[in-house]
Structures are given as C-alpha cells and as structure tokens.
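Enquirer: The residues making up each chain are set out below.
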Amino acid sequence: GAVVSQHPSRVICKSGTSVKIECRSLDFQATTMFWYRQFPKQSLMLMATSNEGSKATYEQGVEKDKFLINHASLTLSTLTVTSAHPEDSSFYICSAREPGQANYGYTFGSGTRLTVV
Amino acid sequence: GQNIDQPTEMTATEGAIVQINCTYQTSGFNGLFWYQQHAGEAPTFLSYNVLDGLEEKGRFSSFLSRSKGYSYLLLKELQMKDSASYLCAVRDPIKAAGNKLTFGGGTRVLVKP
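Residue numbers (the numbering used here), protein chains in the order written: chain A, 1 to 117; chain B, 1 to 113.
Treat each hint with caution, since some may be false.
[Stated by the list, open to error] Below are the BS3-like pairs computed for lysine-lysine, each with C-alpha atoms no more than 30 Å apart in a straight line:
#1 A:K41 with B:K112
#2 A:K20 with B:K95
#3 B:K57 with B:K68
#4 B:K57 with A:K66
No lab work stands behind these hints: they were computed from the structure.
Using the sequences provided together with the hints, build the complete structure.
Expert: Following this line, the structure appears as structure tokens:
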C-alpha cells in the first residue's frame with residue numbers, strides 16, 4: 001500500500017534555530033501534501049496545503065514566513081520551522097494525497113515530535 | 001466556517017460497544033472519514049462515508065446522515081487495544097484546495113477491563 005515516510009521522528013532544537021522536516025511518498029506520486037500540527041490531547045490542525053511546483057496555501061492564522069513549505073517534487077515536501085520558539089513545540093504530521101490510492105487517497109506520515117528548548 | 005464536534009472522552013468496558021458521535025456544519029461536504037490515533041502516532045484509516053447509511057467493516061461500523069450533518073462510529077466487542085483517540089474528518093469538495101480534510105477535536109476512548 002501507499003507509504004509516506006516522515007523524518008525526523010523526534011527533534012530537539014534550541015530556541016532561535018530552524019528545523020526542517022521531510023515528508024516523502026515512497027511508492028506513489030503525491031500531487032498534494034498537507035501539513036498538520038497537533039498539540040497534546042488535541043486534534044490535527046491543518047497548517048497548509050502544498051501542490052508540487054507551486055506555492056503552499058496556508059490556513060488562516062498560520063505564519064507563512066515562519067513555517068516554510070517546499071514541494072519541489074511529486075515525492076517530497078519539506079516544512080521548515082524558522083526561528084523556533086518553545087511555543088512551536090508540537091507534533092507535526094504530513095499527509096500525502098494521490099487520488100486512487102489506498103485509504104481514499106490520504107496517507108499520513110508517522111509524525112515529528114518537535115521540542116524547542 | 002467549519003464546525004465539527006465530537007465528545008472529548010468516553011469510557012467503556014472490554015467486550016462492550018461504544019458509539020462515538022460526530023456532528024458537522026461545513027461550507028462543503030465530500031465525504032466523512034474516521035481515523036484511529038494512538039498517542040504519538042499517525043492516524044490510521046478506519047472508514048469513509050459519502051452516501052447516507054451504514055458501512056460495516058468487522059468490529060467497526062460507521063453511519064452517515066447528510067441531511068442531519070451527523071455521523072457515528074460504532075466499535076463492537078471492545079478490546080484493550082482499542083483505547084485510542086478517534087478522529088472524525090470532513091473532506092472539502094473543492095479540488096483546487098486539494099480536497100483537504102478538516103478534523104474534529106477527537107474523542108479519547110478508554111477501555112477498562
């Protein structure tokens with residue numbers, strides 16, 4: 001079935017530094033990728049939607065200059081948290097979409113636990 | 001706007017049945033998903049409903065009423081491993097926006113012996 005690989009699974013960084021999270025679709029071409037963040041005991045909140053080769057569409061309230069999304073190829077999207085602060089500590093999950101794939105086209109990565117100290 | 005409501009927590013006994021309700025008021029609708037998520041892990045797909053009625057898959061069933069903006073997930077013969085969060089998500093019909101999913105707040109189910 002469709003597999004999405006997300007790395008790293010855990011990362012700890014110092015306040016003020018930047019962190020890059022990668023999301024790869026391993027056996028299919030993902031026309032669209034979604035990035036979510038999830039705080040403890042809360043649900044997934046969509047941050048942005050990215051299509052290959054075009055600019056990401058950010059949800060209301062999400063700072064596009066702080067959360068940089070690049071979708072350079074049909075199999076890779078990256079989320080860079082710039083100038084991270086403790087309040088950015090969260091669980092970040094990507095989801096890749098390819099119509100016709102298993103699970104009605106939505107496959108999730110395993111998530112990245114970001115801790116900013 | 002999008003409004004998707006689920007109960008926050010539910011507790012049930014091993015072997016019993018639990019029904020998790022989800023009500024939605026969204027600007028568009030192109031199907032409703034249910035996912036299971038264990039703490040610190042990615043959501044896993046359970047079911048998808050786009051037409052009214054009941055979809056059964058083993059111990060899990062999902063129901064949809066589009067006119068009422070209502071769905072439920074039914075878990076039968078509960079097992080300890082079913083302790084997890086259950087997320088209801090509505091798919092946006094706009095293809096240009098990627099048919100994005102909007103999630104409800106999730107329901108934490110605790111199964112007790």
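Enquirer: Hints first: check each against the structure and report whether it holds.
Expert: Hint-by-hint comparison with the structure:
1. This hinted pair checks out: A:K41 and B:K112 have alpha carbons roughly 19 Å apart, not beyond 30 Å.
2. Our distance criterion of 30 Å between C-alpha atoms is met by A:K20 and B:K95, whose separation comes to about 28 Å.
3. This hinted pair checks out: B:K57 and B:K68 have alpha carbons roughly 23 Å apart, not beyond 30 Å.
4. Simply put, B:K57 and A:K66 have alpha-carbon atoms about 42 Å apart, too far for the 30 Å limit, and the pair is violated.
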